[in-house]
Amino acid sequence: MSGILRNALKAVCSIYIPVRSPLKSAKWWQQNFGLEYAVPYNEAEAQVILKLSDGQWMHLVETEGPIENQFPNKAGYEMFRLTFEVRQIEVLYDHLKTTDIQIGRLEDRGSCGINFVFYDLDGNKYDVNECVNVHRTPEEVDKVKVHLFDQIK
Numbered sequence: 001m002s003g004i005l006r007n008a009l010k011a012v013c014s015i016y017i018p019v020r021s022p023l024k025s026a027k028w029w030q031q032n033f034g035l036e037y038a039v040p041y042n043e044a045e046a047q048v049i050l051k052l053s054d055g056q057w058m059h060l061v062e063t064e065g066p067i068e069n070q071f072p073n074k075a076g077y078e079m080f081r082l083t084f085e086v087r088q089i090e091v092l093y094d095h096l097k098t099t100d101i102q103i104g105r106l107e108d109r110g111s112c113g114i115n116f117v118f119y120d121l122d123g124n125k126y127d128v129n130e131c132v133n134v135h136r137t138p139e140e141v142d143k144v145k146v147h148l149f150d151q152i153k
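Note that this note's numbering gives residue 108 to position 108 of the sequence shown, counting from 1, and the numbers run on in steps of one.
Check the hints yourself; a few may be wrong.
No more than 16 Å apart at the CA atoms, straight line, and that leaves these computed lysine to aspartate or glutamate pairs for EDC-like [claimed, not checked]:
(1) K125 - E68
(2) K145 - D108
(3) K24 - D54
(4) K24 - D120
(5) K27 - D122
(6) K145 - E107
(7) K51 - E68
(8) K125 - E85
(9) K24 - D122
(10) K74 - E62
(11) K145 - E62
(12) K145 - E90
(13) K125 - D100
(14) K24 - E62
Quick list of simulated restraints, FRET-style, between CB atoms [stated by the list, open to error]:
(15) D150 - P66: 25 to 31 Å
(16) Q102 - R6: 37 to 43 Å
(17) S53 - Q102: 19 to 25 Å
(18) R20 - E140: 37 to 43 Å
(19) G104 - Y16: 21 to 27 Å
FYI, nobody ran anything at the bench for these hints, they're computed from the structure. Keep in mind it's a predicted model, so treat the numbers as computed, not measured. From the three backbone atoms N, C-alpha and C, an ideal C-beta is built for every residue, glycine too.
Assemble the whole structure, with the sequences as input and the hints as a guide.
Right, dumping it as structure tokens:
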């Protein structure tokens, strides 16, 4: 290749999640997030492939080894490997509060948006984000923040 590569990596098309039971995990993702199968389940592959709304594939890969999807940052905070982008974060947050899913506290990260974390059946930690200032009017942002953060007070 000649020249300097610039932004050669376009997007993440697949993510791989370690799980104990791909079918049980797939059911959990379907029930709680509405994900659908990308391809039919193939038992020989020991994984389920689900599709996110924008088309990326999430592979739920069976493992017998340790599941260590998190890692500590320099300050010791347990980091997640993925942040899911969502729309209507308040709808998802309200829904997840009615389930037995472990969810973290809401955070207003300013220009980065509103976030919270959750854990799957196998203890994998995920972050959820909506850049509300980008996707909503200032009036809508105010309503969302009142809805989400006034519940906490």
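**Prompt:** In ascending order, which of the hints set out earlier in this document are inconsistent with the structure?
**Reply:** 3, 7, 10, 11, 15
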